[in-house]
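With chain G held as given, fit chain W onto it using these hints.
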Amino acid sequence: MRDQRIVEIRNLSKSYQRGGQIVPVLSDITLDIASGEFVALMGPSGSGKSTLLNLIAGIDKPDGGMLRVAGIDIAELSESELADWRAEHVGFIFQFYNLMPVLTAFENVELPLLLTRLTSGERKSHVETALAMVSLSDRMEHYPSELSGGQQQRVAIARAIITDPTILVADEPTGDLDRASAEDILNLMDRLNAELGKTIIMVTHDPNAARRARSLRHLEKGVLTADRS
Amino acid sequence: MHFLKLVLRNALRHRLRTALTVLGLVVAFLSFGLLQTIVAAWYHGAEAAAPNRLITRNAVSLTIPLPLHYREKVRAVDGVKAVAVANWFAGVYQDPKNFFPQFAVEPVPYFSMYPEYRVPEEAFRAFLRDRKGAIVGRKLADTYGFKVGDAVPLKGTIFPGNWEFVVRGIYDAGEAKTDTSLFFFHWDYLNETMKQRQPLRANQVGIFVVEVSDVERAAAVSQEIDKQFKNSIAETLTETEQAFQIGFVKQTEAIVIAIRVVSFVVIFIILAVMANTMAMTARERFREYATLKALGFAPRYVAALIFGESLAITAVGCAIGIGLTFPVGGWFASQMGTLFPVFEVSENTVALQIACAVAVGAIAAALPARRAARVRIAEGLRAIG
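The listed protein sequences correspond, in order, to chains G and W.
With the first sequence counted from 1, adding 778 to any position gets you the numbering used here.
With the second sequence counted from 1, adding 171 to any position gets you the numbering used here.
One chain only, chain G, in its complex shape (with noise of 0.2 Å):
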């Protein structure tokens, strides 16, 4: 399963329109991220390593090259099609955790399951799962402000997993919290690679998150620079 790439990455083009001037981001990004994979993004400010991953997760649209992810040529698809290809293949943590602050634990990891066709108790019994494993099940019924920073990455870590997607990609998770905390938050996500597989694609500025990872790719002015695995 670790050779089969599920990121594959060909010439990889994308700049930005800033005040009439076109501002290259990334360029020519070769790139193969192979099924159960655990690599860590870094650079330095504006460096194009956010933009790599959003271009990964389908949430942006590169401007020339091959974008494969999961065998499908994610910039060959419609804005509609890439909504349910993320759905389908994507778990997103963000470093503000992005909850809905007006719904619980259990109603924010619940939110990917409304766009499948599970019925409601077959619903339940998945995020109590996915809650469970990120030792949250005594927090269900909390809204995010009555949780801490760390919980709060918890319940997004449990959205993200929740419909067992292709990749994970994180954007610096640890980037808000404390350093006990992010220390929890690493070493979940260690778990959901080492015993689930999950391939995790992650961006962070944090030399201890960047250890944790299985391989490291560092990205210098939108060209990928060294390489460690």
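None of these hints come from the bench; they were simulated from the model.
Don't take every hint at face value.
Derived pair list, reagent style SDA-like, types lysine to any residue, alpha-carbon separation capped at 25 Å [claimed, not checked]:
id: 1; chain 1: W; residue 1: K176; chain 2: G; residue 2: R917
id: 2; chain 1: W; residue 1: K176; chain 2: G; residue 2: K839
id: 3; chain 1: W; residue 1: K176; chain 2: G; residue 2: L925
id: 4; chain 1: W; residue 1: K176; chain 2: G; residue 2: Q929
id: 5; chain 1: W; residue 1: K176; chain 2: G; residue 2: P840
id: 6; chain 1: G; residue 1: K839; chain 2: W; residue 2: A549
id: 7; chain 1: W; residue 1: K176; chain 2: G; residue 2: H920
id: 8; chain 1: W; residue 1: K176; chain 2: G; residue 2: P922
id: 9; chain 1: G; residue 1: K839; chain 2: W; residue 2: V546
id: 10; chain 1: W; residue 1: K176; chain 2: G; residue 2: S923
id: 11; chain 1: G; residue 1: K839; chain 2: W; residue 2: R458
id: 12; chain 1: W; residue 1: K176; chain 2: G; residue 2: E973
id: 13; chain 1: W; residue 1: K176; chain 2: G; residue 2: A865
id: 14; chain 1: W; residue 1: K176; chain 2: G; residue 2: L892
id: 15; chain 1: W; residue 1: K176; chain 2: G; residue 2: T907
id: 16; chain 1: G; residue 1: K839; chain 2: W; residue 2: R431
id: 17; chain 1: G; residue 1: K839; chain 2: W; residue 2: K348
id: 18; chain 1: W; residue 1: K348; chain 2: W; residue 2: R458
Chain W residues, not near chain G, derived (Cβ > 12 Å throughout) [unchecked claim]:
id: 19; residue: A190
id: 20; residue: L194
id: 21; residue: V197
id: 22; residue: A221
id: 23; residue: R246
id: 24; residue: E293
id: 25; residue: K348
id: 26; residue: D350
id: 27; residue: A465
id: 28; residue: E550
Computed from a predicted model, the values in this text were never measured in an experiment.
For every residue, glycine included, the Cβ atom is placed at its ideal position computed from N, Cα and C.
What follows is chain W alone, placed relative to chain G:
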């Protein structure tokens, strides 16, 4: 179910903001309802008119009377079933501010033409027996406390002098739109008194109320009546009772138009307030909308959340506003006395309030919903809430 839960919880997220917006909506829809009811009350006379009744008056002006002897010629016109003379009296009861309409009428033909004025038989017989008798409407009786047997003195304006009447009966409304703020007395009493006081003004009639036997022939009968008096010293103008009443309203149409415009201005103002609320709300939640889209929810789902919230808030404000329109309208009518004979919140007004609420809710959400639905996910995720 989840969608509604999210809509309702979002709507209650900033309770003070939502409460103030709902308060604004309540005031706006209440004001709108009352103003529309005032407009409807203004047109009440025209709405209460019957299609089989015509009014014949002086072609030059309503203030110029017609000779009494026209009555026989009008009665002789083919298609005329009955004729009754009537005069506007315009007397003052105690104080000029105590306004109510008074008519001198020929009792038997007049009341047979207006079956919607329900007078008890015994009271009507008593009225016929008493030359100074009067029949008053229920609303008028309630307003001034008139009871059968009470003497009602009026000070004449068009017909000078002091006039004494005795209430012989109180009529009730046969239909919801029937005006019960009127005061009727014998035209003969008016005419005989004028013969004594100002003989030159005797035997003159304000209007002839004409009942036609066939509504389909009303236009032809009108033309035939006016033809009878062509090139005479007092030419006539005959029109349907509805057209006659609308003619009155038209004299004050500018006021009615102003009231109607103001009622819609109120709605426009609350639309601006609501649009501002929804724009603020959507801007604060851009990251959440982007997150939902990242998770795979379609743009239309995000747009529907905003539309749902806007419509829910507007529905609450509108429902309370409509609910309050009835008691406040009732209080307003009681304060206005007999100025508005019928002041009732109609089904049309409620329907208009609901239609305006839907429009306000939908228009206020349109732009924020469009923006949220079209926001690029990557940009939305960077947005600061």
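Hint check:
Taking the CA atoms of W:K176 and G:R917, the gap is about 20 Å. The hint holds against a cut of 25 Å. Between W:K176 and G:K839 the CA atoms are separated by roughly 33 Å; this puts the pair beyond 25 Å, and the hint is violated. Distance check on the hinted pair: W:K176 and G:L925 sit about 21 Å apart at the alpha-carbon level, within 25 Å; holds. Straight-line distance between C-alpha atoms of W:K176 and G:Q929 comes to about 23 Å, which keeps the hinted pair within the 25 Å bound.
Taking the CA atoms of W:K176 and G:P840, the gap is about 37 Å. The hint is violated against a cut of 25 Å. Straight-line distance between C-alpha atoms of G:K839 and W:A549 comes to about 10 Å, which keeps the hinted pair within the 25 Å bound. For a cut-off of 25 Å, the pair hint linking W:K176 to G:H920 stands: about 16 Å separates their Cα positions. Restraint check: the Cα-Cα separation between W:K176 and G:P922 comes to about 16 Å, which is no more than 25 Å; the hinted pair holds.
Between the alpha carbons of G:K839 and W:V546 the distance comes to roughly 14 Å, so the proposed pair stays at or under 25 Å and holds. Under the criterion of a C-alpha separation no larger than 25 Å, the hint pairing W:K176 with G:S923 is consistent with the structure, at around 18 Å. Proposed proximity of G:K839 and W:R458 is supported: the alpha carbons are some 19 Å apart, at most 25 Å. Restraint check for W:K176 and G:E973: the C-alpha separation of about 36 Å exceeds 25 Å, so the hint is violated.
Taking the CA atoms of W:K176 and G:A865, the gap is near 21 Å; set against the 25 Å cutoff, the hint holds. Using a Cα cut-off of 25 Å, the hinted pair W:K176 and G:L892 holds, with the two alpha carbons roughly 13 Å apart. Of the supplied pair hints, the one linking W:K176 and G:T907 holds, its CA atoms being roughly 23 Å apart against a limit of 25 Å. Restraint check for G:K839 and W:R431: not satisfied, since their Cα atoms lie roughly 53 Å apart, outside the 25 Å limit.
With a C-alpha separation of about 66 Å, the suggested pairing of G:K839 with W:K348 is violated against the 25 Å cut-off. Annotation: proposed proximity of W:K348 to W:R458 is violated, straight-line Cα distance about 56 Å (limit 25 Å). The beta carbon of W:A190 sits about 17 Å from the closest Cβ of chain G, which is more than 12 Å, so the claim that it is off the interface holds. Listed as a non-interface residue, W:L194 keeps its Cβ farther than 12 Å from every Cβ of chain G; the least gap is roughly 22 Å.
The claim that W:V197 is not at the interface with chain G holds, since no C-beta of that chain comes within 12 Å of its own (minimum 24 Å). Every C-beta of chain G lies more than 12 Å from that of W:A221, the closest at about 59 Å, which supports listing it as non-interface. Distance check on W:R246: its Cβ is at least 77 Å (rounded) from any Cβ of chain G, clearing the 12 Å threshold; non-interface status holds. Distance check for W:E293 against chain G: the nearest CB is about 69 Å away, which clears 12 Å, and the non-interface claim stands.
Listed as outside the interface, W:K348 is consistent with that label: its C-beta sits roughly 49 Å from the nearest C-beta of chain G, beyond the 12 Å cut-off. Non-interface call for W:D350 relative to chain G: holds, since the shortest CB-CB distance, roughly 54 Å, exceeds 12 Å. Against the 12 Å criterion, W:A465 falls within the reach of chain G, whose nearest CB is about 5 Å from its own CB. Under the 12 Å C-beta cut-off, the non-interface status given to W:E550 relative to chain G is violated; the minimum distance is some 9 Å.
Checked against the numbered hints above, the structure violates hints 2, 5, 12, 16, 17, 18, 27, 28; every other hint is satisfied.
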